[in-house]
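Chains H and X supply the protein sequences, listed in that same order. Here the first sequence is numbered in the numbering used here, starting from 1 and rising by one per residue. Here the second sequence is numbered in the numbering used here, starting from 1001 and rising by one per residue.
None of these hints come from the bench; they were simulated from the model. Treat the numbers as computed from the prediction; the structure is a model and nothing was measured. Think of the CB as a built atom: it goes at the ideal place given N, C-alpha and C, for glycine as much as any other residue. Watch out, some of these pointers could steer you wrong.
Unchecked claim - The calculated label-pair distances, taken between Cβ atoms and stated as ranges, are: (1) T31/H with F1265/X: 38 to 44 Å; (2) A1104/X with D18/H: 48 to 54 Å; (3) T1070/X with L8/H: 22 to 28 Å; (4) Q16/H with S1036/X: 55 to 61 Å; (5) D9/H with R1042/X: 46 to 52 Å; (6) A135/H with T1255/X: 40 to 46 Å; (7) A12/H with T1070/X: 20 to 26 Å; (8) S1053/X with T31/H: 18 to 24 Å; (9) T5/H with G1021/X: 28 to 34 Å; (10) L1258/X with G17/H: 50 to 56 Å; (11) L1247/X with G152/H: 57 to 63 Å.
Claimed, not checked - Which stretches of chain X does chain H cover? Using the computed rule of at least three CB atoms under 8 Å from a CB of chain H, they are: (12) 1016-1030; (13) 1045-1056; (14) 1062-1073.
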Amino acid sequence: MDTDTPDLDFIARARQGDLNAFNVLVERYQTGVYNLCLRMLGAPAPAEDAAQDAFIRAYRSLDRFRGASFRAWLFRIAATACYDELRRRKARPATSLDRTGEEDERPLDPPDAAPSMEDRAANTELRRALQDALAQLPHDQRLAIVLCDVQGFDYAEIAETMRVSLGTVKSRISRARSRLRVILLEQRELLPGSIRQSGEEQ
Amino acid sequence: MKLADIFSRHPRGEISAHADGELAPDRLGGLEAHLSGCERCRTELGELLAVRSALRDLPQAAAPRSFTLTPAMAERKPAPVASLTTPSFVAMRIAGAGFAAVLAVVVMLDAGGIVDDTRGGGSDESTTLGFLNIDGSNGDAEMYETLAGDAAAPAGGSVADEPAPGAEDGDGSTDGFQSGPDSGEQNPAIDPQLDNFGQERADATTTPGDDISSRSDAIDGDTAALESGDGAPAAFTPDDDGLSSLLIIEIGLATIALIAIGGSFAMRRREDSE
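Isolated chain X, as found in the complex:
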């Protein structure tokens, strides 16, 4: 049962499925009990059944001609097929997943002590970030550059490596019917044999990567400011008077991921409700 149905107390989605005899058996008893006490839903069921009946009574038109293929047709290359998906929706979803993955890596590095916050006390100590030894004088900056580079890679790489949806389907489509085609003008035509959708999405996700790079630059500035404050070591020292730079990165990544994922769900919901 959908949340909206629970709040409205009228399970409209289930009424339609019930009209088709497709309601799950474990829901049947509950719906029938509801119908017996709710005149509004009984009325709606009657109307939906009437609509269903009218549609089912539509006559099947005879094919105006035979569609059998001639040898020439069989050799002809079919027209390119446009994608059925909304690139912006897909890109946002993938970007959200990419940022979430990067966030997970950063949090693991942080929580796992690979980036050791506690060893930053000595001015001559260096901080280890995984396999990297970062010099204490400018460790933060280098590490963030490394993170930014890593962050850009999964965002783009995961998309580029992903097989083009529908490529194995051979039906010329590029993905499930998961989005309305109303945004079709955004979709370039895609040849089913030469599906460039994956590349397109890879291109689309380079923007988040660029964003990370630009964030890296900004963070570099923050790092420099922290270093210049009291000549403290540049290793990952917990920030006594505020958020650590790493925490800022985590919050930033989480925010971007949430916005991207939330945006993709909002777009999907809007399409469904159209």
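So here's chain H without its partners, still in its complex pose:
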């Protein structure tokens, strides 16, 4: 994959109908887009569907891309696909034909490389607790914290992705972190020492 050519070059070619040029962008961002969907939806199967849907939508809407950051624009489309799926779930809870992920046996996270069995188990439990805590957040807060802490976006790029002010980004991330902290403190035994210790002091 060509990692040095700017996104805009591929976008210009893709707009001329060059599907291969667009697919270079897909390969460039598919891990990030899939992981965003995974953290937003909490299960591999719907995340896979949402990610694919996002790339299809992005290709078909490419003429309307005007932003400074293709990544922010693309991740916004992916977030939209996730919101759409979350909304569908709420409207049609648990029908047998939906790919809600409940029947999906695939693990959410890749195998852990911790040296000892105990460490691997602890890490697995912590990851599960984090994902469960993320799932309890309102969608906007979840998206903000995932973009910030999982994807590593800075506040300005999150604001561009979510089309809100920097102040709103700051507020949503702060609220999300505070809520995650409270949720995780309720499962103190799973937590890293720094949280566990401070929670016990309170």
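The hints should help you fit chain X onto chain H, whose structure is shown.
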């Protein structure tokens, strides 16, 4: 700094931004000074950093397959996208703005003397409302009908004329992520290419317009009562023994606008605090 932070004396929002190195430079000194003297906030900063670190340590899962598009996928029409906004929130905000605009027009007409309160003394005088000459015998009623018609137009028209949010984005979304999607069941699916959200909002705002019309009917009744009292001219005469009809309209519009705007902010705040 948020108002809540000022009152609580613990700037929680700033602590989180500080953990990300995103705090504005002019706030940094103040926060560090606060942290040096507040153990509670230092503890919270440590916990937030631990949460942040745990999230950042989550491994990136490899994509289960390639998402590159085939020519068939590129031709396929994507599934419709539901709106990310809450129609009720948007409708209330727009309705509030519409009522406020109508109120501004009425107040300007009133204060600017276009509707002349002082010329109502003679029984045979007519009152001018802008370009309209209103006969003194039933001037109020006609004017209010005119106002009601005008009022309905901006409320609906401003929405209908507004370009559908996100239409130029091409991302299938219809607006900013300004509201929680929890109200999703209220949102009809919207095709990104055939965005009918603007129309939906226009429909939603017809209700305030209808309200104004119904108010107009009620005001007509008031006007008739005023006229029948002593056979006084129907022009805009200041009401000696109470509020003038125009003032009642202004108060009514202001109340509705405040309720709509206040309601929209309350909904927004509730969503943010969820």
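Problem set entry | Range agreement (Cβ of L8/H with Cβ of T1070/X, hint 22 to 28 Å) | 24 Å, holds
Exercise. So does L1247/X sit 57 to 63 Å from G152/H, Cβ to Cβ?
Worked result: 58 Å, holds
Problem set entry | CB-CB spacing for G17/H and L1258/X relative to the 50 to 56 Å hint | Holds, at about 53 Å.
For this session: Take the C-beta atom of A12/H and the C-beta atom of T1070/X, compute their distance, and say whether it sits inside 20 to 26 Å.
Result: 22 Å, holds
Exercise. Regarding A135/H and T1255/X, is the given constraint of 40 to 46 Å on their beta-carbon distance met?
Worked result: Holds - the Cβ-Cβ distance for A135/H and T1255/X, about 42 Å, lies within 40 to 46 Å.
Problem set entry | Range agreement (Cβ of F1265/X with Cβ of T31/H, hint 38 to 44 Å) | 39 Å, holds
Problem set entry | Within 8 Å of chain H (C-beta), three or more residues of the segment 1016-1030 of chain X | holds (count 5)
For this session: With respect to the beta-carbon atoms only, verify the hint that Q16/H and S1036/X lie 55 to 61 Å apart.
Result: 59 Å Cβ-Cβ, so the 55 to 61 Å window holds.
Exercise. Does the Cβ pair S1053/X, T31/H satisfy 18 to 24 Å?
Worked result: Roughly 21 Å apart at Cβ, these two residues keep to the hinted range, so it holds.
For this session: Note whether the CB distance of T5/H and G1021/X lies within 28 to 34 Å or breaks it.
Result: Taking Cβ atoms as reference, T5/H and G1021/X lie about 30 Å apart, which means the hint holds.
Problem set entry | Three-residue Cβ test at 8 Å for the coverage of the segment 1062-1073 of chain X by chain H | Our answer is that it holds, as 10 residues pass the Cβ test (under 8 Å) against chain H, meeting three.
Problem set entry | Consistency of beta-carbon spacing, D18/H to A1104/X, with hint 48 to 54 Å | 52 Å, holds
In terms of the numbered hints stated before, the structure departs from none.
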